[in-house]
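Listed in order, the protein sequences are those of chains A and B. UniProt numbering applies: residue 1 is where the first sequence begins, and numbers increase by one. UniProt numbering applies: residue 1 is where the second sequence begins, and numbers increase by one.
Don't take every hint at face value.
In silico lysine to any residue, SDA-like type, Cα no more than 25 Å apart, as pairs [claimed, not checked]:
| id | chain 1 | residue 1 | chain 2 | residue 2 |
| --- | --- | --- | --- | --- |
| 1 | A | Lys131 | A | Ser247 |
| 2 | B | Lys151 | B | Gly136 |
| 3 | B | Lys153 | A | Glu113 |
| 4 | A | Lys174 | B | Leu33 |
| 5 | A | Lys263 | A | Ala187 |
| 6 | B | Lys99 | A | Glu113 |
| 7 | A | Lys120 | B | Leu50 |
| 8 | A | Lys120 | B | Leu22 |
| 9 | A | Lys174 | B | Leu50 |
| 10 | B | Lys151 | A | Trp153 |
| 11 | A | Lys174 | B | Val49 |
| 12 | A | Lys173 | B | Asn39 |
| 13 | B | Lys157 | B | Trp107 |
| 14 | A | Lys263 | A | Val275 |
| 15 | A | Lys174 | B | Lys151 |
| 16 | A | Lys174 | B | Ile43 |
| 17 | A | Lys120 | A | Leu130 |
| 18 | B | Lys157 | B | Gln173 |
| 19 | A | Lys174 | B | Leu28 |
| 20 | A | Lys173 | B | Gly120 |
| 21 | B | Lys151 | A | Trp245 |
| 22 | A | Lys173 | B | Leu124 |
| 23 | B | Lys153 | B | Trp103 |
| 24 | B | Lys154 | B | Trp107 |
| 25 | A | Lys173 | B | Gln128 |
| 26 | A | Lys263 | B | Ile76 |
| 27 | A | Lys263 | A | Leu234 |
| 28 | A | Lys173 | A | Trp116 |
| 29 | A | Lys173 | A | Val232 |
| 30 | B | Lys158 | B | Ile147 |
| 31 | A | Lys173 | B | Val46 |
| 32 | A | Lys174 | B | Ser123 |
| 33 | B | Lys154 | B | Met97 |
| 34 | B | Lys151 | B | Trp107 |
Just some of the chain B residues that point at chain A, by a computed CB distance under 8 Å [as the list claims (entries may be wrong)]:
| id | residue |
| --- | --- |
| 35 | Ser34 |
| 36 | Ala35 |
| 37 | Phe38 |
| 38 | Ser40 |
| 39 | Val42 |
| 40 | Phe45 |
If you're looking for bench data, these hints aren't it; they were derived computationally from the structure. Yeah, the Cβ is synthetic: ideal placement off N, Cα and C, and Gly gets one too.
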Amino acid sequence: MSHNDTIPLYQSSQSDIDEIENMMNGGGFQSGPGTVLPARPPSPTRPSIPVSSSSSPFVQSNLPPPPPSSSSSASQKVTPVPAPPSLPPSVNFGSSEGSKTTGFGSPPNTLTEPVWDTVKRDLCRIVSNLKLVVFPNPNREDPGKALRDWDLWGPFFFIVFLGLTLSWSASVKKSEVFAVAFALLAAGAVILTLNVLLLGGHIIFFQSLSLLGYCLFPLDVGAVICMLKDNVILKMIVVTVTLAWSSWAAYPFMSAAVNPRRKALALYPVFLMYVSVGFLIIAID
Amino acid sequence: MDPNQAPVENYANPKTCLFHVLFKGAALAFYILSALFFNSFVIIFVVTVLLAALDFWVVKNVSGRILVGLRWWNEINDLGESVWKFESLDQESLARMNKKDSWLFWWTLYFAAAAWFILGVFSLIRFQADYLLVVGVCLSLNVANIIGFTKCKKDAKKQLQQFASQTIASRFQSTVQSAFTLV
Chain A
1 MSHNDTIPLY QSSQSDIDEI ENMMNGGGFQ SGPGTVLPAR PPSPTRPSIP
51 VSSSSSPFVQ SNLPPPPPSS SSSASQKVTP VPAPPSLPPS VNFGSSEGSK
101 TTGFGSPPNT LTEPVWDTVK RDLCRIVSNL KLVVFPNPNR EDPGKALRDW
151 DLWGPFFFIV FLGLTLSWSA SVKKSEVFAV AFALLAAGAV ILTLNVLLLG
201 GHIIFFQSLS LLGYCLFPLD VGAVICMLKD NVILKMIVVT VTLAWSSWAA
251 YPFMSAAVNP RRKALALYPV FLMYVSVGFL IIAID
Chain B
1 MDPNQAPVEN YANPKTCLFH VLFKGAALAF YILSALFFNS FVIIFVVTVL
51 LAALDFWVVK NVSGRILVGL RWWNEINDLG ESVWKFESLD QESLARMNKK
101 DSWLFWWTLY FAAAAWFILG VFSLIRFQAD YLLVVGVCLS LNVANIIGFT
151 KCKKDAKKQL QQFASQTIAS RFQSTVQSAF TLV
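Pulled out of the complex, with its shape left as it was, chain B reads as follows (with noise of 0.2 Å):
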């Protein structure tokens, strides 16, 4: 084996990833192939949105945080204003996590929206106004979670520059502090 060959990434988190994908994917499948099954709508539409609200709470919650550190959510503060907040791991726990995990988890996301946006369309040129309120409540909760996400990850960027800025800045205050006492 040659030595000088960096080991293949392998996914840190199989279960987590598993699961991340698993009710998206059983959301979508379920509610493609159920024409073929079930002729009620009822069981259709529970089925589905169920899937995709649990698909909704795993990402947002689990797979979110284990697989790329990232966290969001919506609080009310005393003064009764809504406060969206957002948590991320410290920079070296982000640069520790798995590069494979991560693609994963933003690509799926991505695509899980754009596949059910296009179910939509489809359910649209039908005419279908119960099949397109499936669709929307589950593209609507797919693309929460991107919009949160997103969001949660440009704030953690954010934090970090405002925090380097502020250690540089503080080292050179120090330094410049201890120049004039030395002097």
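Pulled out of the complex, with its shape left as it was, chain A reads as follows (with noise of 0.2 Å):
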């Protein structure tokens, strides 16, 4: 059950009489025995630590099966969290799924899942993110939906693979513009969160990192055509391009995720980054 029960740093049992409760009425709407309800009204802007558990872990460690989202909704206040989570800034690199698959009552095997399996996993969800944020495709107009799974590891190697070509390209001073470029694109994507975040913006903190950081693709294929020719008008050319098209990926998740009044503010600074990373790669000689 994919809530987010934000628990009060206090514990109460009414909790337990709830569950204790839900479980004599089989199970009430939700879909698992054992799964805790906010038993008091939560309120996301407390300041407390939101840890959401999952499904009883005895019997199955892994979410109930997709409907619970509906009852979820019902069962929580809905009100869209906007402050990034409290949590200590986990990188979550690959993050798994895993349990969408299974049925409710079969053993947690996304615990004893072979590794290749993982890896498949994850290799497949870095293409399929890729594919849903660079690419034209239908799910672009709900963006919401289109990054659900966001993964740290795309970004990560764009990133290094961007720096890596620049340095590649330039001919003094290698390490300096790989660190810088590393530096401007990580800082640089940091930064265009919290812009979104406190312009009243609602976008969760890594799948904004992890959206950026895929945008970065077109410019690392401009970047590797300019490193193979060397000639400033086709350079330029391919920088316009690339940029163009990096803005243009980025587009509809950012502006969703800000009132229309305040789009402007948020999309300026992200086409603002990606001009001076054109820049480097026009620059670099």
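Mind docking these for me? Both chains are given alone in their own frames, and the hints should help you get the complex.
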């Protein structure tokens, strides 16, 4: 059951009683026994640690099948979370969604699956995320859904690749070029995300980092082309095209996240960052 | 051989333990020794961060599962909210986990984080901002794993207690009910 249960930092026995009652009533509308209900009205603005327990880990530690989303929305106050999760910055490389395919009552097979399955799952996720973000597809109209399974491996590879390409193309000061490129992209992504959040937008921190990283893919392609051919005119054309492509890729997600009147405020810095990366690519000699 | 003596527990999953330690150790060793061999910061950065990222993935997805039976991840639910999920094996499997394995798992995690922290302090003292970047990335990856697994363990314990209390309560309930029906 995927609900964001912000448990306040004191324990109350109300939840246990509710849980027992639920068990006796045959699980109620929850699709798993022993799911922890938010027995007190969840107040997401309280500075508590949002911990979400998975459903009972003893019979099966998996999430129950997809229908719970409607019941979970009924069981909690529907206030979109405006602040980033107050958790420490857990960089979630290759987060495995795991259990959506298993039925209720089966053994925890994301815990016991072979390693190769995990690797394959993560690789497939990277590819699908890339396709969702960078290439035109019907899901772009619903940005929240598109990057649902964010991961940071893709962005990591793209940023490192871009840094390496720039560093390779540079004839002097290779190390500094790489460090600058990496720091610029990483810090830029963080700052852009904070910008959206401070504008009152609704976006998940890591989802946005992941998105901005995936949108670097066109610039990677542009950097490779510029590395291979050293013609200035060609470089400018290539960079302009890839820059436009990157901005187009990032646009729906960013614009959907903020108030329409503040769209430009959120999008302009993104564009600016990509422009500066583009200049880096052109200027590298 | 003394029949009363319990057999000494060995590592139950030696290969997993090895991999768990391998990437961490390789990242630390490479970072420390590379200054002797490589002059290029780029290579040091890329290789160290790559090893650290691989280590993060291995710990999170493989050794966490196999050595201590825990797993954590993050999801976005349909409301667009970020949800942290924890998964743990059931009670009997957890009890059956090899003690040596889990000791190794936790203590190498803490040790690696401490080592990166110390290296970070060194590079701070020497005012090397770029090396500080490397150390920062590796440290944050390690700390993320530590926090994730600690939360997962706490969550597992909490589930255990709740399960125990609700089993007791439901049994009590059924005994009381059956007592009343008899009367």
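Hints, one by one, checked against the model:
Restraint check for lysine 131 of chain A and serine 247 of chain A: the C-alpha separation of about 15 Å stays at or below 25 Å, so the hint holds. Using a Cα cut-off of 25 Å, the hinted pair lysine 151 of chain B and glycine 136 of chain B holds, with the two alpha carbons roughly 22 Å apart. Using a Cα cut-off of 25 Å, the hinted pair lysine 153 of chain B and glutamate 113 of chain A holds, with the two alpha carbons roughly 20 Å apart. With a CA separation close to 21 Å, the supplied pair lysine 174 of chain A and leucine 33 of chain B stays within the 25 Å bound.
In summary, the hint linking lysine 263 of chain A to alanine 187 of chain A is supported, as the alpha carbons are separated by about 21 Å, within the 25 Å threshold. At roughly 22 Å between alpha-carbon atoms, lysine 99 of chain B and glutamate 113 of chain A fall within 25 Å of each other, so this suggested pair holds. With a C-alpha separation of about 19 Å, the suggested pair lysine 120 of chain A and leucine 50 of chain B falls inside the 25 Å cut-off, and the hint holds. For the proposed pair lysine 120 of chain A and leucine 22 of chain B, the alpha carbon gap of about 22 Å is at most 25 Å, so the pair holds.
For the hint linking lysine 174 of chain A to leucine 50 of chain B, the alpha-carbon distance of about 19 Å falls within 25 Å, and the restraint holds. Taking the CA atoms of lysine 151 of chain B and tryptophan 153 of chain A, the gap is about 23 Å. The hint holds against a cut of 25 Å. A C-alpha spacing of about 18 Å is found between lysine 174 of chain A and valine 49 of chain B, which places the hinted pair at or below 25 Å, so the restraint holds. Under the criterion of a C-alpha separation no larger than 25 Å, the hint pairing lysine 173 of chain A with asparagine 39 of chain B is consistent with the structure, at around 12 Å.
Proposed proximity of lysine 157 of chain B and tryptophan 107 of chain B is supported: the alpha carbons are some 20 Å apart, at most 25 Å. A C-alpha spacing of about 18 Å is found between lysine 263 of chain A and valine 275 of chain A, which places the hinted pair at or below 25 Å, so the restraint holds. For a cut-off of 25 Å, the pair hint linking lysine 174 of chain A to lysine 151 of chain B is broken: about 41 Å separates their Cα positions. A distance of roughly 10 Å separates the Cα atoms of lysine 174 of chain A and isoleucine 43 of chain B; the hinted pair therefore holds under the 25 Å criterion.
A threshold of 25 Å between alpha carbons decides the hint, and for lysine 120 of chain A with leucine 130 of chain A the separation of about 15 Å falls inside it, so the pair holds. Under the criterion of a C-alpha separation no larger than 25 Å, the hint pairing lysine 157 of chain B with glutamine 173 of chain B is consistent with the structure, at around 24 Å. Between lysine 174 of chain A and leucine 28 of chain B the CA atoms are separated by roughly 24 Å; this keeps the pair inside 25 Å, and the hint holds. Distance check on the hinted pair: lysine 173 of chain A and glycine 120 of chain B sit about 24 Å apart at the alpha-carbon level, within 25 Å; holds.
With a C-alpha separation of about 40 Å, the suggested pair lysine 151 of chain B and tryptophan 245 of chain A falls outside the 25 Å cut-off, and the hint is violated. The suggested pairing of lysine 173 of chain A with leucine 124 of chain B holds, with an alpha-carbon distance near 22 Å, which does not exceed 25 Å. Proximity of lysine 153 of chain B to tryptophan 103 of chain B is assessed by CA-CA distance (about 14 Å); at most 25 Å being required, the pair is judged to hold. The suggested pairing of lysine 154 of chain B with tryptophan 107 of chain B holds, with an alpha-carbon distance near 17 Å, which does not exceed 25 Å.
Annotation: proposed proximity of lysine 173 of chain A to glutamine 128 of chain B holds, straight-line Cα distance about 16 Å (limit 25 Å). The hinted pair formed by lysine 263 of chain A and isoleucine 76 of chain B meets the criterion: a straight-line CA distance of about 23 Å does not exceed 25 Å. For a cut-off of 25 Å, the pair hint linking lysine 263 of chain A to leucine 234 of chain A is broken: about 32 Å separates their Cα positions. For a cut-off of 25 Å, the pair hint linking lysine 173 of chain A to tryptophan 116 of chain A is broken: about 40 Å separates their Cα positions.
At roughly 21 Å between alpha-carbon atoms, lysine 173 of chain A and valine 232 of chain A fall within 25 Å of each other, so this suggested pair holds. Between lysine 158 of chain B and isoleucine 147 of chain B, the direct Cα distance comes to roughly 16 Å. Compliance with the 25 Å bound is thereby established for this hinted pair. Between lysine 173 of chain A and valine 46 of chain B the CA atoms are separated by roughly 16 Å; this keeps the pair inside 25 Å, and the hint holds. For the proposed pair lysine 174 of chain A and serine 123 of chain B, the alpha carbon gap of about 21 Å is at most 25 Å, so the pair holds.
A distance of roughly 17 Å separates the Cα atoms of lysine 154 of chain B and methionine 97 of chain B; the hinted pair therefore holds under the 25 Å criterion. Restraint check for lysine 151 of chain B and tryptophan 107 of chain B: satisfied, since their Cα atoms lie roughly 16 Å apart, inside the 25 Å limit. The restraint placing serine 34 of chain B at the interface with chain A is violated, with a minimum CB-CB distance near 13 Å, outside the 8 Å limit. Among the interface hints, the one on alanine 35 of chain B is violated; its C-beta lies about 13 Å from the nearest C-beta in chain A, farther than the 8 Å criterion.
Interface hint at phenylalanine 38 of chain B: violated, since its Cβ lies 10 Å from the closest Cβ of chain A, which is beyond the 8 Å cut-off. Here the hint on serine 40 of chain B is kept, as its CB sits about 6 Å from the closest CB of chain A, short of 8 Å. Evaluation of the valine 42 of chain B hint against chain A yields a held restraint, the C-beta minimum of about 4 Å falling below 8 Å. Taken as an interface hint, phenylalanine 45 of chain B checks out: its beta carbon lies about 7 Å from the nearest beta carbon of chain A, inside 8 Å.
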